[in-house]
Amino acid sequence: MKRIALLGMPNTGKSTLFNRMTGGAARVGNWPGITVELLSGKILLGGDMVEIIDLPGIYDLHGFSDDEQVVRHFLHDNVPDLALVILNATQIERQMSLLLQLKQLNMNVVVLLNMSDEARKYGITIDSGKMSEMLGLPIYLLSGKYGAGYQDAIQAVTKALRYPTPGMAEQLRSQLEQDEHIESEMVRVLRHSVQVPVQMPEHLTDKLDRVMLHPWLGLPIFFGIMYLLFQGIFLLGQPLQGGVAEALSWLRGAALEAAVAGAPPWLSGLLLDGIYNGVATVAAFVPIIVLFFLFMAMVEDSGYLSRAAFLMDALMARMGLDGRGFVMLLMGFGCNVPALMGTRVMRSRSMRLLTMLVIPFSLCSARLQVFVFITAALFSPQHAPLVLFSLYLFSFAAAILTALLFRNKFQSTEPFVLELPPYRFPTLRQMLLRGWIEVRHFLSRATQFIVAGVVLVWLLTNLPSSAVPGSADTLAGMIGSALHPIFAPIGINEQLTIALIFGFVAKEIVIGSLAVIYGLSGDALSGALGQQLDWVQAYSFMLFTLVYTPCLSTIATLRSEAKDMRYTLFTLGWSLALAWALSFVFYQSARALGY
Amino acid sequence: MSASTLATLKQGDLATIVAIHADQALHQRLLALGFRKGKQIELVRQAVFSGPLQVRLGTTDVVLRRNEASKIEVCKGAGCA
Numbered sequence: 001m002k003r004i005a006l007l008g009m010p011n012t013g014k015s016t017l018f019n020r021m022t023g024g025a026a027r028v029g030n031w032p033g034i035t036v037e038l039l040s041g042k043i044l045l046g047g048d049m050v051e052i053i054d055l056p057g058i059y060d061l062h063g064f065s066d067d068e069q070v071v072r073h074f075l076h077d078n079v080p081d082l083a084l085v086i087l088n089a090t091q092i093e094r095q096m097s098l099l100l101q102l103k104q105l106n107m108n109v110v111v112l113l114n115m116s117d118e119a120r121k122y123g124i125t126i127d128s129g130k131m132s133e134m135l136g137l138p139i140y141l142l143s144g145k146y147g148a149g150y151q152d153a154i155q156a157v158t159k160a161l162r163y164p165t166p167g168m169a170e171q172l173r174s175q176l177e178q179d180e181h182i183e184s185e186m187v188r189v190l191r192h193s194v195q196v197p198v199q200m201p202e203h204l205t206d207k208l209d210r211v212m213l214h215p216w217l218g219l220p221i222f223f224g225i226m227y228l229l230f231q232g233i234f235l236l237g238q239p240l241q242g243g244v245a246e247a248l249s250w251l252r253g254a255a256l257e258a259a260v261a262g263a264p265p266w267l268s269g270l271l272l273d274g275i276y277n278g279v280a281t282v283a284a285f286v287p288i289i290v291l292f293f294l295f296m297a298m299v300e301d302s303g304y305l306s307r308a309a310f311l312m313d314a315l316m317a318r319m320g321l322d323g324r325g326f327v328m329l330l331m332g333f334g335c336n337v338p339a340l341m342g343t344r345v346m347r348s349r350s351m352r353l354l355t356m357l358v359i360p361f362s363l364c365s366a367r368l369q370v371f372v373f374i375t376a377a378l379f380s381p382q383h384a385p386l387v388l389f390s391l392y393l394f395s396f397a398a399a400i401l402t403a404l405l406f407r408n409k410f411q412s413t414e415p416f417v418l419e420l421p422p423y424r425f426p427t428l429r430q431m432l433l434r435g436w437i438e439v440r441h442f443l444s445r446a447t448q449f450i451v452a453g454v455v456l457v458w459l460l461t462n463l464p465s466s467a468v469p470g471s472a473d474t475l476a477g478m479i480g481s482a483l484h485p486i487f488a489p490i491g492i493n494e495q496l497t498i499a500l501i502f503g504f505v506a507k508e509i510v511i512g513s514l515a516v517i518y519g520l521s522g523d524a525l526s527g528a529l530g531q532q533l534d535w536v537q538a539y540s541f542m543l544f545t546l547v548y549t550p551c552l553s554t555i556a557t558l559r560s561e562a563k564d565m566r567y568t569l570f571t572l573g574w575s576l577a578l579a580w581a582l583s584f585v586f587y588q589s590a591r592a593l594g595y
Numbered sequence: 001m002s003a004s005t006l007a008t009l010k011q012g013d014l015a016t017i018v019a020i021h022a023d024q025a026l027h028q029r030l031l032a033l034g035f036r037k038g039k040q041i042e043l044v045r046q047a048v049f050s051g052p053l054q055v056r057l058g059t060t061d062v063v064l065r066r067n068e069a070s071k072i073e074v075c076k077g078a079g080c081a
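Residue numbers (the working numbering), protein chains in the order written: chain A, 1 to 595; chain B, 1 to 81.
One thing to keep in mind: the hints can contain errors.
Claimed, not checked - Within a straight-line C-alpha distance of at most 30 Å, the following computed DSS-like cross-link-like pairs (lysine-lysine) qualify:
{"no.": "1", "chain 1": "B", "residue 1": "Lys37", "chain 2": "A", "residue 2": "Lys130"}
{"no.": "2", "chain 1": "A", "residue 1": "Lys207", "chain 2": "B", "residue 2": "Lys76"}
{"no.": "3", "chain 1": "A", "residue 1": "Lys207", "chain 2": "A", "residue 2": "Lys121"}
{"no.": "4", "chain 1": "A", "residue 1": "Lys409", "chain 2": "B", "residue 2": "Lys71"}
{"no.": "5", "chain 1": "A", "residue 1": "Lys121", "chain 2": "B", "residue 2": "Lys71"}
{"no.": "6", "chain 1": "A", "residue 1": "Lys207", "chain 2": "B", "residue 2": "Lys39"}
{"no.": "7", "chain 1": "B", "residue 1": "Lys39", "chain 2": "A", "residue 2": "Lys103"}
{"no.": "8", "chain 1": "A", "residue 1": "Lys130", "chain 2": "B", "residue 2": "Lys39"}
{"no.": "9", "chain 1": "A", "residue 1": "Lys207", "chain 2": "B", "residue 2": "Lys10"}
{"no.": "10", "chain 1": "A", "residue 1": "Lys103", "chain 2": "B", "residue 2": "Lys37"}
If you're looking for bench data, these hints aren't it; they were derived computationally from the structure.
So here's chain A without its partners, still in its complex pose:
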């Protein structure tokens, strides 16, 4: 099968084009370095199946960071039949250097000048015919986001695939030493084919930045935006979640109970009280998750993440991190796993390890489900959003404290140089795609972990069969009381202890297993929790849930990214110790104050 590789600098729209070509669902965002892995998809081109590979962006072929090495190794080991080089037309002045480097490798190349719509707005005119003639390469203008120029580009790609695949130049390194030649060649081509206005007209980006990056208002605005976003998610999402939960329990009463009526009691118990209650309670959170990621997609695509990096870098530097680390913490709000992988853009290993040590404290969307459920059950509608926001602040605080404590162990002199892209708005299609990716991700986790988790919890709370389900005589009751000395000082009872043990696998299971443990779902479960716990216990439970290990996938990612078992165990131990200590201090002081 012929193979096409998408190559270009970071944030030039390779993944957006990849999604357009393959109908795939690569994650896109206005942040240099959002793609750090190889992604591939197959399509039919000119009657043949062709494999398309989306590569991480590279600044040049000398790059030293992990994501750039991925690309170098890929090119070295598998010469693509066609390199589809994607350049940001607006920044053609500097991005052409990468094209000229790639050209020296003698690959079969088609060049796409992407974001041509944006370039036109900037008043940049590019004579692609002239450029094509001077470089001896096929060059096309394209808007990957809106699709203009796409058909011509695909035709050119199909045609270029008919040429034989060239061999890779043996001496990759020495080929790359000829940068001086590149310099003069670049000037020559640009002078004849590109016109850039001398004075850039003032753009929306400049006007917005004057407010968003204001020396004194910038940070308050940042926290204001965050607060409004989370408030919005809670206010819009919580009723949706309640509605879905109600519909699912109605379905149980209306149809499912009759359907399993003939089955033996243990089986109907397992199916309804175990699997259905557990999974339905978790499934009720799908609308909140979708809503959350729609907001997240807007923030990521807008280009605001780079602004957040600019605003926070001075503070992050005092913790031994940099602005990019802060952005990874924000991305961790979605899911910690891609945030951990996003640290591949860092070259210094110490800085990567320190950043990866703090990312798991980021309050991810799975933990958000637990907190939405518990805050809604235990706090008044006025207080609940504030309580939720306070947990986000604790999430930052845990990260800051950890970085401050360990920065001397992970010292680095990594330079901080980052592109600031213009503000962009995601298309509706991009946002819906993102929502769909997250639903799919959730469903795959649901089938892998959540069903197995709730079945196990059901078994633990119903065995041995002589014991009353959910009582102290069951296996769950025994485990709970064995761990009581550890969890009692932080106000966590036996039932919650079992939920925490399963939460180690994935946080979605926490709520699902509470549903199974109490044998209730939806409003009834909230009611039972509200009766059994007071707010101090509930908050202590949430603090512990926030800080201790996020999930097995995160641990597996930490291990594969760090390639160091001792480091992985250390992060695990530290998060458990910190979780217990924080909850202990909170619980005991709240009680001492008379709450």
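Since the structure of chain A is provided, determine the placement of chain B on it from the hints.
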């Protein structure tokens, strides 16, 4: 015109890059972002608490720390190199 660096510029200053004194890895990255000898550069803004600088080279905006900026030698004004 005395030799100064990007880190000594003030907000709104226009300058021209004279030389880049960085190690190879950083030098490569700066080149790829458009930092080249003779190029015009503008200091757009500085973050508070001695935070990073935002500079503009043509159509590219770049954020970098003062420490990195001090490795880029410039002369004030357009086309002075």
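Structure-based check of all given hints:
no. : hint                 : verdict
1   : B:Lys37 to A:Lys130  : 26 Å, holds
2   : A:Lys207 to B:Lys76  : 25 Å, holds
3   : A:Lys207 to A:Lys121 : 16 Å, holds
4   : A:Lys409 to B:Lys71  : 27 Å, holds
5   : A:Lys121 to B:Lys71  : 34 Å, violated
6   : A:Lys207 to B:Lys39  : 25 Å, holds
7   : B:Lys39 to A:Lys103  : 24 Å, holds
8   : A:Lys130 to B:Lys39  : 24 Å, holds
9   : A:Lys207 to B:Lys10  : 20 Å, holds
10  : A:Lys103 to B:Lys37  : 23 Å, holds
Of the numbered hints listed earlier, the single one contradicted by the structure is hint 5.
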